[in-house]
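Whole structure, please, built from the sequences with the hints as guidance.
2 protein chains.
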Amino acid sequence: MNPRRILLLLAATAVPLAAQPGQRPNIVLMFPDNLGWGEVGAYGAVRGVPTPNIDSIAAQGIRLDNFNVEFSCTVSRAALLTGRYAIRSGATQPAGITLWEVTIAEALKPLGYASALFGKWHLGGSNWIKGRTPIDQGFDEWYGIPNTSNEAQTTTSPNFNPATMETPHIWEQKVGGPATKAKIFDLESRRTLDREAALKSVDFMERQVRARRPFFLFYPITQVHFPTLAHPDFAGKTGAGDIGDAMADVDHNVGIVLSALRRLGVERNTMVLWCTDNGPEGRRPWRGSSGPWRGFYNSVMEGGIRTPCVIRWPARIPRGQVSNEIVHELDLFPTIAAAAGADIVPKDRPIDGVNILPFLEGKRTESGREHALYFTGTQVRAVKWKDWKFHYAFMPEPRVTEPPLMRLFNLRSDPREESDIKDINPWAIGLFDKLVTDFKASVERFPNVPANTPDPYTPPRRP
Amino acid sequence: MNPRRILLLLAATAVPLAAQPGQRPNIVLMFPDNLGWGEVGAYGAVRGVPTPNIDSIAAQGIRLDNFNVEFSCTVSRAALLTGRYAIRSGATQPAGITLWEVTIAEALKPLGYASALFGKWHLGGSNWIKGRTPIDQGFDEWYGIPNTSNEAQTTTSPNFNPATMETPHIWEQKVGGPATKAKIFDLESRRTLDREAALKSVDFMERQVRARRPFFLFYPITQVHFPTLAHPDFAGKTGAGDIGDAMADVDHNVGIVLSALRRLGVERNTMVLWCTDNGPEGRRPWRGSSGPWRGFYNSVMEGGIRTPCVIRWPARIPRGQVSNEIVHELDLFPTIAAAAGADIVPKDRPIDGVNILPFLEGKRTESGREHALYFTGTQVRAVKWKDWKFHYAFMPEPRVTEPPLMRLFNLRSDPREESDIKDINPWAIGLFDKLVTDFKASVERFPNVPANTPDPYTPPRRP
Numbered sequence: 001m002n003p004r005r006i007l008l009l010l011a012a013t014a015v016p017l018a019a020q021p022g023q024r025p026n027i028v029l030m031f032p033d034n035l036g037w038g039e040v041g042a043y044g045a046v047r048g049v050p051t052p053n054i055d056s057i058a059a060q061g062i063r064l065d066n067f068n069v070e071f072s073c074t075v076s077r078a079a080l081l082t083g084r085y086a087i088r089s090g091a092t093q094p095a096g097i098t099l100w101e102v103t104i105a106e107a108l109k110p111l112g113y114a115s116a117l118f119g120k121w122h123l124g125g126s127n128w129i130k131g132r133t134p135i136d137q138g139f140d141e142w143y144g145i146p147n148t149s150n151e152a153q154t155t156t157s158p159n160f161n162p163a164t165m166e167t168p169h170i171w172e173q174k175v176g177g178p179a180t181k182a183k184i185f186d187l188e189s190r191r192t193l194d195r196e197a198a199l200k201s202v203d204f205m206e207r208q209v210r211a212r213r214p215f216f217l218f219y220p221i222t223q224v225h226f227p228t229l230a231h232p233d234f235a236g237k238t239g240a241g242d243i244g245d246a247m248a249d250v251d252h253n254v255g256i257v258l259s260a261l262r263r264l265g266v267e268r269n270t271m272v273l274w275c276t277d278n279g280p281e282g283r284r285p286w287r288g289s290s291g292p293w294r295g296f297y298n299s300v301m302e303g304g305i306r307t308p309c310v311i312r313w314p315a316r317i318p319r320g321q322v323s324n325e326i327v328h329e330l331d332l333f334p335t336i337a338a339a340a341g342a343d344i345v346p347k348d349r350p351i352d353g354v355n356i357l358p359f360l361e362g363k364r365t366e367s368g369r370e371h372a373l374y375f376t377g378t379q380v381r382a383v384k385w386k387d388w389k390f391h392y393a394f395m396p397e398p399r400v401t402e403p404p405l406m407r408l409f410n411l412r413s414d415p416r417e418e419s420d421i422k423d424i425n426p427w428a429i430g431l432f433d434k435l436v437t438d439f440k441a442s443v444e445r446f447p448n449v450p451a452n453t454p455d456p457y458t459p460p461r462r463p
Numbered sequence: 001m002n003p004r005r006i007l008l009l010l011a012a013t014a015v016p017l018a019a020q021p022g023q024r025p026n027i028v029l030m031f032p033d034n035l036g037w038g039e040v041g042a043y044g045a046v047r048g049v050p051t052p053n054i055d056s057i058a059a060q061g062i063r064l065d066n067f068n069v070e071f072s073c074t075v076s077r078a079a080l081l082t083g084r085y086a087i088r089s090g091a092t093q094p095a096g097i098t099l100w101e102v103t104i105a106e107a108l109k110p111l112g113y114a115s116a117l118f119g120k121w122h123l124g125g126s127n128w129i130k131g132r133t134p135i136d137q138g139f140d141e142w143y144g145i146p147n148t149s150n151e152a153q154t155t156t157s158p159n160f161n162p163a164t165m166e167t168p169h170i171w172e173q174k175v176g177g178p179a180t181k182a183k184i185f186d187l188e189s190r191r192t193l194d195r196e197a198a199l200k201s202v203d204f205m206e207r208q209v210r211a212r213r214p215f216f217l218f219y220p221i222t223q224v225h226f227p228t229l230a231h232p233d234f235a236g237k238t239g240a241g242d243i244g245d246a247m248a249d250v251d252h253n254v255g256i257v258l259s260a261l262r263r264l265g266v267e268r269n270t271m272v273l274w275c276t277d278n279g280p281e282g283r284r285p286w287r288g289s290s291g292p293w294r295g296f297y298n299s300v301m302e303g304g305i306r307t308p309c310v311i312r313w314p315a316r317i318p319r320g321q322v323s324n325e326i327v328h329e330l331d332l333f334p335t336i337a338a339a340a341g342a343d344i345v346p347k348d349r350p351i352d353g354v355n356i357l358p359f360l361e362g363k364r365t366e367s368g369r370e371h372a373l374y375f376t377g378t379q380v381r382a383v384k385w386k387d388w389k390f391h392y393a394f395m396p397e398p399r400v401t402e403p404p405l406m407r408l409f410n411l412r413s414d415p416r417e418e419s420d421i422k423d424i425n426p427w428a429i430g431l432f433d434k435l436v437t438d439f440k441a442s443v444e445r446f447p448n449v450p451a452n453t454p455d456p457y458t459p460p461r462r463p
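So the sequences go chain by chain: A and B. The numbering of the first sequence is the working numbering, which starts it at 1 and goes up by one. The numbering of the second sequence is the working numbering, which starts it at 1 and goes up by one.
None of these hints come from the bench; they were simulated from the model. Just so you know, not all the hints are guaranteed correct.
The list treats identical chains as one, so a pair stands whether inside a single copy or across any two.
As the list claims (entries may be wrong) - Each computed DMTMM-like pair below joins lysine to aspartate or glutamate, with the alpha-carbon atoms no more than 20 Å apart: (1) K109 - E206; (2) K237 - E325; (3) K434 - E370; (4) K386 - E370; (5) K237 - E366; (6) K109 - D136; (7) K386 - D433; (8) K237 - E370; (9) K181 - D136; (10) K174 - E141; (11) K422 - D433; (12) K237 - E106; (13) K347 - D433.
Rendered as structure tokens:
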């Protein structure tokens, strides 16, 4: 073997400075909006739009086939960032969550992490600017929209009057400073926001790697939420309609982030998560695909609450895994905490997430989660336990219940929730009721934060 | 580099005898029954039953996401083995196809291929034993059921009387000899037939490799057709119901075949195809999953005619490909012919298949097929052209049409065939009518073999 070859080999296996043993891992959490299972290559994409970058995360790590979320945008993001069912934090679209909640960004801060959000917030309510910005919840900087992508439609709506109506903006803010308007959020800037956010993500990561500071990048991608209008680079390019174009856009942006990790030499010690917030939109013209599942977001059918999620962390998670173990977005907070190697999950309140890191690492075959509750509003609508799902108020379409309300399905023999087998499984109702009762008992002990609670919130003294 | 290491390297790269340059490739065609898109890991399996062996074919070659078939069992097998739409060969369940048809096995014979079928035939009609066995269509040996898996239910049906009713059997036959009964085909032997067929496949391949003879192994797996009762090794084992158990069974048997190829040293120069004959069963209790598509077999909805298909050939087909190009089972005959490197596709009749080998090899980005016709009975029910599909008699469920009969869908923006956009695409009907007219013109020139035609068939003299 000649010396040059040896040098090359050494170079290839050298540990980059930023990934030295003992260095806490970086966390990159990408979280697109209303993006259904059927759109992703690794899950058998229906539109024939390749998603090689997203798929590469699965190939280099794990594809979760039973990843569960709350059923719509704000509650899903609340659950994700707090590790608590949204009903506990009282999360609502109009009000968001209180500052009493501890987000992943807040928890990582004492460990020296830099945290940033680029994309969509939607946890601050309509008065977000008065103390409920991402900065107020632990991020060091953010750029994006405070609420939802719908608002891109405002300035072009027939009755829009800038004198009497608020013009939506893309905002930016750094810790210690005020939120300022970056540009108007309209049908044009809606197309480019995700790309901007990806490039800002790269800039953020570059700065942290240079400063040798571990980082938490939260990239809540605004696609494919309506209006599903992709970046001009992709609009009309895939031949697969607006959603197809948007998928090409999403995947391209994921590629920008992934290649930056490679270029910065931090690929190996960065945990990358790409998971979606809830099932697809069902309304036309931007009707997405739930893949093999039934239903859409805003329902607790599998199509609403089972979404694609792929995770890699080359230093710790073996490649090429696929699993049907139940995992919930609630679990990501404790799992990220475990990845960071610190006991940073709050102890003074119920945390519904479990640490699934040993499972991701292949040290355990079980995820550690056997069940999940699904809420709409303040009601438990359904509960999943192992392969079974019990609906308390069967609602195949949003807002329309269908008798009989209580139904039991075995999701593996009946993945589309079609054949109610409650009556031939009389054991079920007791088991599922117990899971609900256990949850209610914890609420008795730790009352939920009421919806629309202003700051500062102080929990009631416990007896 | 020490000598031992060099030797090891040489051993690892040595070309096995059976794969010498110039040796024609072996062909292994596995073809399960009524197995839906949603059941396969590589396509995002719904039941959480891993299918690592099937998935490995995709990973080592190509996953086709737009593989098209005829809508039910006999017509699909006729199209597969002849490269001709089944309506041309007059294929029916009661009668099968005439001996005038040229099958893949017959075409490969002059090249020195040994051919065998282990599993299900279903191209000989109810009088198959009188001159329409697999041997009569070019196979050198076969073992399995002459018709369909339903018949496993016969001996246990309430009114079964062996004195007056025929007892179904598993049969075996070698070229030059008569078909003989191997065992009764009932609910027990139904469970083990696929395993037996896999082991016989291995034995067949061993014999050919020993004889240095290229082989065509056709393994028409009988699962997951009803009665979906898996091998005792898997029955009740997956927790995912009968179909889940059967999938574990199928994948295990695929593994038996694949590991034999490896062990025999012919992995590199063997083209392996694993594709399914039509969409899943819709009837309960053995209702399968069409994945993201709508409909079931016996309909020309995508759920009926778009099925999983994975292909590998390490010597020629690059690994890790995924494609949405239209491919049809019709194309496998010309493609296998091209793989064998010989001009063996019949010239005296219309062949509807196109050679997609250059596409599989990555030499072309297009498959070479832009459209496909879908028949039920003698009618063209629908036509796919590029991303579009035109239904002439929209029938979302088998046998039930729904007005308006003529509907147009864009499959990429509307993968579930829900939003008819015929009226806003007035160009479409002319284009689709032309495709149908072209087909009819070829039928004028080369009349279809009438259904139920006895042997010998002689085509009418052409004017």
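Here is what the structure says about each hint:
| no. | hint | verdict |
| --- | --- | --- |
| 1 | K109 - E206 | within (19 Å within a copy, 63 Å between copies) |
| 2 | K237 - E325 | between (37 Å within a copy, 16 Å between copies) |
| 3 | K434 - E370 | within (14 Å within a copy, 56 Å between copies) |
| 4 | K386 - E370 | within (5 Å within a copy, 44 Å between copies) |
| 5 | K237 - E366 | between (42 Å within a copy, 17 Å between copies) |
| 6 | K109 - D136 | within (13 Å within a copy, 76 Å between copies) |
| 7 | K386 - D433 | within (15 Å within a copy, 51 Å between copies) |
| 8 | K237 - E370 | between (43 Å within a copy, 19 Å between copies) |
| 9 | K181 - D136 | within (17 Å within a copy, 78 Å between copies) |
| 10 | K174 - E141 | within (4 Å within a copy, 75 Å between copies) |
| 11 | K422 - D433 | within (13 Å within a copy, 50 Å between copies) |
| 12 | K237 - E106 | neither (40 Å within a copy, 45 Å between copies) |
| 13 | K347 - D433 | neither (27 Å within a copy, 69 Å between copies) |
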